[in-house]
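Working from the sequences, and respecting the hints, build out all of it.
There are 2 protein chains.
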Amino acid sequence: MERIAARRRPGRPQREIGGIEQRPWKQLTRPYQPIEILSADQVQTIHEMGLTILEEIGMRVLQPQARQFYRSAGCDVDEGEMRVRFDRAMVMEHVAMVPSSFELRARNPEKNVKVGGRHCILSSVGGPAYVMDNDRGRRPGTYAEMCDYLKLIQSFNVLHQEGGGPFEPLDLHQNTRHLDLYYAEITLLDKNWQPQALGRGRAVDALEMVAISLGTTRENLANEMPVFTGIINTNSPLQLDEPMAEGLIALAEHGQVNVITPFTLAGAMSPVTLAGALSQQHAEALAGIVLTQIVRPGVPVMYGGFTSNVDMKTGAPAFGTPEYTQAAQITGQLCRLIGVPFRSSNVTAANSVDAQAAYESAMSLWGCLMGGANLVLHAAGWLGGGLTASFEKLVIDAEMLQMMSAYFDPPVVDIDTLALEAVREVGPAGHFFGAAHTMQRYERAFYSPLVSNWDNYDTWMERGQVTARERANVIWKRMVAEYEQPPIDPGIDEALRDYMERRKREGGCPLN
Amino acid sequence: MERIAARRRPGRPQREIGGIEQRPWKQLTRPYQPIEILSADQVQTIHEMGLTILEEIGMRVLQPQARQFYRSAGCDVDEGEMRVRFDRAMVMEHVAMVPSSFELRARNPEKNVKVGGRHCILSSVGGPAYVMDNDRGRRPGTYAEMCDYLKLIQSFNVLHQEGGGPFEPLDLHQNTRHLDLYYAEITLLDKNWQPQALGRGRAVDALEMVAISLGTTRENLANEMPVFTGIINTNSPLQLDEPMAEGLIALAEHGQVNVITPFTLAGAMSPVTLAGALSQQHAEALAGIVLTQIVRPGVPVMYGGFTSNVDMKTGAPAFGTPEYTQAAQITGQLCRLIGVPFRSSNVTAANSVDAQAAYESAMSLWGCLMGGANLVLHAAGWLGGGLTASFEKLVIDAEMLQMMSAYFDPPVVDIDTLALEAVREVGPAGHFFGAAHTMQRYERAFYSPLVSNWDNYDTWMERGQVTARERANVIWKRMVAEYEQPPIDPGIDEALRDYMERRKREGGCPLN
Chain A
1 MERIAARRRP
11 GRPQREIGGI
21 EQRPWKQLTR
31 PYQPIEILSA
41 DQVQTIHEMG
51 LTILEEIGMR
61 VLQPQARQFY
71 RSAGCDVDEG
81 EMRVRFDRAM
91 VMEHVAMVPS
101 SFELRARNPE
111 KNVKVGGRHC
121 ILSSVGGPAY
131 VMDNDRGRRP
141 GTYAEMCDYL
151 KLIQSFNVLH
161 QEGGGPFEPL
171 DLHQNTRHLD
181 LYYAEITLLD
191 KNWQPQALGR
201 GRAVDALEMV
211 AISLGTTREN
221 LANEMPVFTG
231 IINTNSPLQL
241 DEPMAEGLIA
251 LAEHGQVNVI
261 TPFTLAGAMS
271 PVTLAGALSQ
281 QHAEALAGIV
291 LTQIVRPGVP
301 VMYGGFTSNV
311 DMKTGAPAFG
321 TPEYTQAAQI
331 TGQLCRLIGV
341 PFRSSNVTAA
351 NSVDAQAAYE
361 SAMSLWGCLM
371 GGANLVLHAA
381 GWLGGGLTAS
391 FEKLVIDAEM
401 LQMMSAYFDP
411 PVVDIDTLAL
421 EAVREVGPAG
431 HFFGAAHTMQ
441 RYERAFYSPL
451 VSNWDNYDTW
461 MERGQVTARE
471 RANVIWKRMV
481 AEYEQPPIDP
491 GIDEALRDYM
501 ERRKREGGCP
511 LN
Chain G
1 MERIAARRRP
11 GRPQREIGGI
21 EQRPWKQLTR
31 PYQPIEILSA
41 DQVQTIHEMG
51 LTILEEIGMR
61 VLQPQARQFY
71 RSAGCDVDEG
81 EMRVRFDRAM
91 VMEHVAMVPS
101 SFELRARNPE
111 KNVKVGGRHC
121 ILSSVGGPAY
131 VMDNDRGRRP
141 GTYAEMCDYL
151 KLIQSFNVLH
161 QEGGGPFEPL
171 DLHQNTRHLD
181 LYYAEITLLD
191 KNWQPQALGR
201 GRAVDALEMV
211 AISLGTTREN
221 LANEMPVFTG
231 IINTNSPLQL
241 DEPMAEGLIA
251 LAEHGQVNVI
261 TPFTLAGAMS
271 PVTLAGALSQ
281 QHAEALAGIV
291 LTQIVRPGVP
301 VMYGGFTSNV
311 DMKTGAPAFG
321 TPEYTQAAQI
331 TGQLCRLIGV
341 PFRSSNVTAA
351 NSVDAQAAYE
361 SAMSLWGCLM
371 GGANLVLHAA
381 GWLGGGLTAS
391 FEKLVIDAEM
401 LQMMSAYFDP
411 PVVDIDTLAL
421 EAVREVGPAG
431 HFFGAAHTMQ
441 RYERAFYSPL
451 VSNWDNYDTW
461 MERGQVTARE
471 RANVIWKRMV
481 AEYEQPPIDP
491 GIDEALRDYM
501 ERRKREGGCP
511 LN
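As given, the protein sequences belong to chains A and G, one line each in that order. The UniProt record's numbering applies: residue 1 is where the first sequence begins, and numbers increase by one. The UniProt record's numbering applies: residue 1 is where the second sequence begins, and numbers increase by one.
If you are wondering where the hints come from, they were derived from the structure by calculation, not from laboratory data. Quick caveat, the model's predicted, so the values are computed rather than measured. One should not assume that every hint holds.
Just so you know, same-sequence chains aren't split out, so a pair can sit in one copy or run between any two.
Straight line, CA to CA, 27 Å or less: simulated DSSO-like cross-link-like pairs of lysine-lysine [said to hold, decoys possible]:
| id | residue 1 | residue 2 |
| --- | --- | --- |
| 1 | Lys-26 | Lys-313 |
| 2 | Lys-313 | Lys-477 |
| 3 | Lys-313 | Lys-151 |
| 4 | Lys-313 | Lys-111 |
| 5 | Lys-504 | Lys-111 |
| 6 | Lys-477 | Lys-151 |
| 7 | Lys-114 | Lys-477 |
| 8 | Lys-26 | Lys-114 |
| 9 | Lys-504 | Lys-477 |
| 10 | Lys-313 | Lys-504 |
| 11 | Lys-26 | Lys-504 |
| 12 | Lys-114 | Lys-504 |
| 13 | Lys-313 | Lys-114 |
Below, the structure is given as structure tokens:
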């Protein structure tokens, strides 16, 4: 039995529900050793198995130019089967060209971010089809709602990058909505943002617009600090499709960062065993990494780990499971083995912003962050297996990320913090509320939450039994209302609008 | 943008809501290196500071027999101030007597558990004043409800120990209700259980009854495998009160395990800095550990870490914060330094079984389990800062614990699991649902959840938008209905009842 008698600090007001306190902008740097799931030998075995898959089975590559690139680098290409097989030494020669770290440029230079080593950037959810909030449930999203969501991404200090469009604005035409998205990403945020890498057209539009926003040209981007991380999903198992290959080549040609991310759901698109799924993931990631180095030797590239599993009873994808956590941390080991920066994600299958959403996200985040991820995509806002961007989940995730960020600040151990004199002054059975040591430090001593409510039960009842999900709703609305747009040069803004209008007149990028 | 197209396994029924699938009974063994927050030098510094506090400031010890024990071992005792000061070498001589591991006996020998090294036992919530469920909210609990809660603790395979009474049965008299509790703990469970260590009388009643249940005598317990872990909270800062000292001495005399747990809330009962709070925690823990070794050299004892912080705006205790996680993992480092098994807890300040409850518990659990805890008390059921035992939180925690247990089973890497032939068989752009490798393994391939719902959104909506908290309610009711009482020898049962009745006639243990 634990005897707990909480003592209340007298004479101080209780915290307001919905009070918004944030940690300052700060990139994450992991101070602790990463968790290692497998032995060094086992990691080497999976790496070798990935190379064996590439050598013996190979990849199906649907895009002719990509096959041409592979052939030019000495791969065995079967044009009839569109099959590319890789010599293992050739793979490792290309992997050796990959920079182990780099920096990404933001419109606001103070928000440039480092990728690699112990550095980690946290990125918002990208790609969902739907938007959801407490008030109106799940629905197709509009451009206006998407702009509100982008304002929140800008406002949360703990998010270092926008993740490629939080959801589709379905009130805009599908051939041109990427232009409106890019314009919103550039003007509503001053952080780094992600382009859509689905096909060459969308990639080139992103490159043109980001160049305008930075006062440079698309042709010059390759000679400057990279701006873009573009997500390239292989079509697992072992296939690279046309739009993704086009996007990859376009980004690599321009010196931008491809994030090669096999979607290896164990039991469906990869073997039912984690060792097998990760071997296949590794093969697919290596194939994509190699292509970037053929296109432009030395261009930065990342290895995306997205291995999870399906529910074998239903085929439904599972996220934030123990297997997911292990897969993320093993992928971190594989990335460190080959010296390529690692991308992971914060994911859940939950459809509601409830305890499941939180514990699956927690499993994911510990998997990513203690697995040594350098980029956490979908770090905030992902719900329902990634089909939905939730306003409240964005806030809950921001809290969880802030907590991990604070956890990554280890406590200082020195004469001041050891506080021997304070312990002496207070003595047995006293209390520290009024101690000089406390008074000098109490305002910034501890993590101050965004969403968490620490009221006692009676106070919590009196105040209406507000749950975390409801508090998150209050917070995002207040933050949207308080949002301030970062300034932009009027000439740049006009040039962006001109580009967008011209491309709309031309018809944008028709989807096949 | 991530392109995710989930593929459904055709022709298989979807999982029923509330279906109860558990992992088998299995003690946790941590296969990974613990997370180290501080350097070895910093850990040594905090250890030395703890010894300095004991040497220069000392502990206030309210119970005369305890002071006598300390004096007999060479401590400097000021009877007027009831202050005990400790020579650091004497402290370490006694700490050196502590066994680094031991085994705890359960009524069912198959449920004996190991404590120490990489072994960890998970224990249910102990000590709350209230019970809570979705149907009736928070309320004072009854004996009947407490028995239902104990049935669940018995039923969850992932719980290895009952934690000392989930809540107070307020329909029973306060002087004798511990007897009814012990009887219920013995007869409704066959797992190890915790006694109440508040005063000698309650401890002796527990020892008598557990001896009867095991077919032995109280006098013999000290010569057998230990049965009890009793929680001893110091009255922080730096005070050991009478009931706790009495309980400690009684348990140690009988060869049982004291779990010395300072309640060092930083900013209130300890310095506002984590280094200071942990130094004070360490001093108090060492003082209690030393007392056990004076009473009975070599008796097993554990070091309980419970350092958290208060909200400095309100004085409310905070749990499951980044500071809590760091404190747990640093306490693990201190325990490994001195070779004493480590106890930690799964805690939250949330009043509702919502996302906050889950993410604060997740921070706690990662703190405990990757900090190397050998006993996690309050591992399931704790809500509202420990004032409430929640039926639904018990279920949610059981899910989170099962997930951590599965995470602690690293994947096998061998020819079978690497699955090269399956990858070859399926080939590019195929799928693995029907592969022989999948069919042979799919039933047990992945973690199967207790509470988590992986339905897609439309199915989830059709089925009534059931949240995790609501599913947990269905699950615990079904488990109570399906509970089977473990058999007990009728003679032992009668002897237990006789003892309980006699002690009730005698008046039990009056509280002062």
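Structure-based check of each hint:
1. Lys-26 / Lys-313: Between. Shortest inter-copy distance 24 Å satisfies the 27 Å Cα cut-off; intra-copy 43 Å does not.
2. Lys-313 / Lys-477: between (40 Å within a copy, 24 Å between copies)
3. Lys-313 / Lys-151: neither (40 Å within a copy, 29 Å between copies)
4. Lys-313 / Lys-111: neither (45 Å within a copy, 31 Å between copies)
5. Lys-504 / Lys-111: neither (30 Å within a copy, 70 Å between copies)
6. Lys-477 / Lys-151: within (11 Å within a copy, 44 Å between copies)
7. Lys-114 / Lys-477: neither (31 Å within a copy, 51 Å between copies)
8. Lys-26 / Lys-114: within (11 Å within a copy, 43 Å between copies)
9. Lys-504 / Lys-477: Neither. Shortest intra-copy (32 Å) and inter-copy (59 Å) distances fail the 27 Å Cα cut-off.
10. Lys-313 / Lys-504: Neither. Shortest intra-copy (46 Å) and inter-copy (54 Å) distances fail the 27 Å Cα cut-off.
11. Lys-26 / Lys-504: neither (38 Å within a copy, 62 Å between copies)
12. Lys-114 / Lys-504: neither (34 Å within a copy, 69 Å between copies)
13. Lys-313 / Lys-114: neither (42 Å within a copy, 35 Å between copies)
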